[in-house]
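Participant: All chains, full assembly: derive it from the sequences and hints.
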Amino acid sequence: MSADPEALRRLARESGKILGELGVRPDDFRWIREHAETIESLTRRTRSPGFLVYLRRLALRAARKAR
Amino acid sequence: MRVPRVLVAAVQSLFSGGGAERHVRRLTEELQARGVEADLVTLPLIERERFDLVRSALAWRSLDLTEVGSRSVDAVIATRFPSYVVRHPNKIVWVIHQYRQAYDQFGTPWSDFTSSAEDRRTRETIAAIDRLGLSEARRVFANSKTVAARLARHNGIASEPLYHPPPFVGRYRTGPFGDYALTVGRLDGWKRPDLPLRALAHAPEARLVVVGRGPEEERLKRLARDLDVESRVRWIPEAGEEALLDLYAGARIVVVAPQGEDLGYVPLEAFLSGKPVLTTDDAGGPLEFVIDGETGFVVPPRPEALGAALSRAWDREDALAALGHRGRERASRLSWDDTIGRLLSAAGLSLP
Numbered sequence: 001m002s003a004d005p006e007a008l009r010r011l012a013r014e015s016g017k018i019l020g021e022l023g024v025r026p027d028d029f030r031w032i033r034e035h036a037e038t039i040e041s042l043t044r045r046t047r048s049p050g051f052l053v054y055l056r057r058l059a060l061r062a063a064r065k066a067r
Numbered sequence: 001m002r003v004p005r006v007l008v009a010a011v012q013s014l015f016s017g018g019g020a021e022r023h024v025r026r027l028t029e030e031l032q033a034r035g036v037e038a039d040l041v042t043l044p045l046i047e048r049e050r051f052d053l054v055r056s057a058l059a060w061r062s063l064d065l066t067e068v069g070s071r072s073v074d075a076v077i078a079t080r081f082p083s084y085v086v087r088h089p090n091k092i093v094w095v096i097h098q099y100r101q102a103y104d105q106f107g108t109p110w111s112d113f114t115s116s117a118e119d120r121r122t123r124e125t126i127a128a129i130d131r132l133g134l135s136e137a138r139r140v141f142a143n144s145k146t147v148a149a150r151l152a153r154h155n156g157i158a159s160e161p162l163y164h165p166p167p168f169v170g171r172y173r174t175g176p177f178g179d180y181a182l183t184v185g186r187l188d189g190w191k192r193p194d195l196p197l198r199a200l201a202h203a204p205e206a207r208l209v210v211v212g213r214g215p216e217e218e219r220l221k222r223l224a225r226d227l228d229v230e231s232r233v234r235w236i237p238e239a240g241e242e243a244l245l246d247l248y249a250g251a252r253i254v255v256v257a258p259q260g261e262d263l264g265y266v267p268l269e270a271f272l273s274g275k276p277v278l279t280t281d282d283a284g285g286p287l288e289f290v291i292d293g294e295t296g297f298v299v300p301p302r303p304e305a306l307g308a309a310l311s312r313a314w315d316r317e318d319a320l321a322a323l324g325h326r327g328r329e330r331a332s333r334l335s336w337d338d339t340i341g342r343l344l345s346a347a348g349l350s351l352p
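Heads up: the sequence lines are chains G and H, in that order. Throughout the first sequence, residue numbering follows my numbering, covering 1 to 67 in sequence. Throughout the second sequence, residue numbering follows my numbering, covering 1 to 352 in sequence.
If you are wondering where the hints come from, they were derived from the structure by calculation, not from laboratory data. Computed from a predicted model, the values in this text were never measured in an experiment. Just so you know, even glycine gets a beta-carbon here, dropped at the ideal spot from N, CA and C. Mixed in with the good hints there might be a few duds.
[Unchecked claim] Take a look, some chain G residues computed to stay more than 12 Å from chain H by CB distance:
(1) LYS17
(2) ILE18
(3) GLY23
(4) GLY50
[To be verified] Facing chain G, from chain H, some residues (calculated, C-beta under 10 Å):
(5) PRO82
(6) ARG121
(7) ALA127
(8) ALA128
Facilitator: So this is what it looks like as structure tokens:
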């Protein structure tokens, strides 16, 4: 069973916002990628690589807004 | 009167437990003993890579403890980094440990942070996490003046020192002055466990009991052999509670060697056992209780200085009793009633 994509999108947005509050900056690329990978690990392995990029973008946007 | 509901937030050290773990358990129990509905919330701090520190803060920040089981929580008392970023509108922080490797220990052998770009960003982020968690708290306490001074220096945060009794308060006992100096604590480099051993080489009449284990254990045993003091040292890697109380009660003097300790229970435990403390003038928290010539001896952190003080302790048993007695008076003033009262009052709560 795989996590609901909408739940993952929400998680990426909310946690990205928290990362921004905690001082993570949009140019901390590696940390944001690792974070998106953690969220992505909740999905089936068969999910398209594009989904990881999408999650990363959501987290990044949320972190930028939170600053 | 309604029973207050309070959560204590703390970081859990997995497969090991030191003073901080005992402290938060005791705090929760002391709240419960006074009729407060209290519970302990813990998350581990895993540190495989730098980002794990941020992950851990993220985990805490993702927790909103305003309401649990459809009932509101009146206050959260958060303690160690990064538990104090937990969400609650009535948050009190009692700082027990900051992430010292990023602050005062940076640039010393006790911090593994380098000047790399990632380490610099990690240190900046730790400071941002501290700023967030501490600045939104209703009140910030520190477990000693030493920790309060660090918070002011490194984070610009004002806090009030709030002491508490050591873990086995009510069970410490006095006893005759024995033939050994006692040192208690984890055998970690920054605790300087080699210093009491080196001091023995300058005090031929003294004996030493070392309670604790840690990464330095084997190196210290080799050092004792090299210094030719091995026959005067007894190693006790793990002492049960009663055995530890007996060791305090039978010691001649208690040696506290760490540099820049936050608070340190050992001096308070020694005093409640009627024993004076030998420490160094860079000890940090212990110096808030150990006063040279009044409750113990404070010397420069050099083996020969500690050795000379040990020799004095072996010569002058009558003086030891007076020092230990004054220490006991001082440590006896600390009470959980006072500590809990101040924490609850800061949260706008009172005992039921």
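Participant: If a hint holds in the structure, say so; if it doesn't, say that too.
Facilitator: Hint-by-hint comparison with the structure:
1. LYS17: 10 Å, violated
2. ILE18: 5 Å, violated
3. GLY23: 3 Å, violated
4. GLY50: 23 Å, holds
5. PRO82: 8 Å, holds
6. ARG121: Result: holds, 6 Å to nearest chain G Cβ.
7. ALA127: 8 Å, holds
8. ALA128: H/ALA128 check passes; min Cβ-Cβ to chain G is 3 Å, inside 10 Å.
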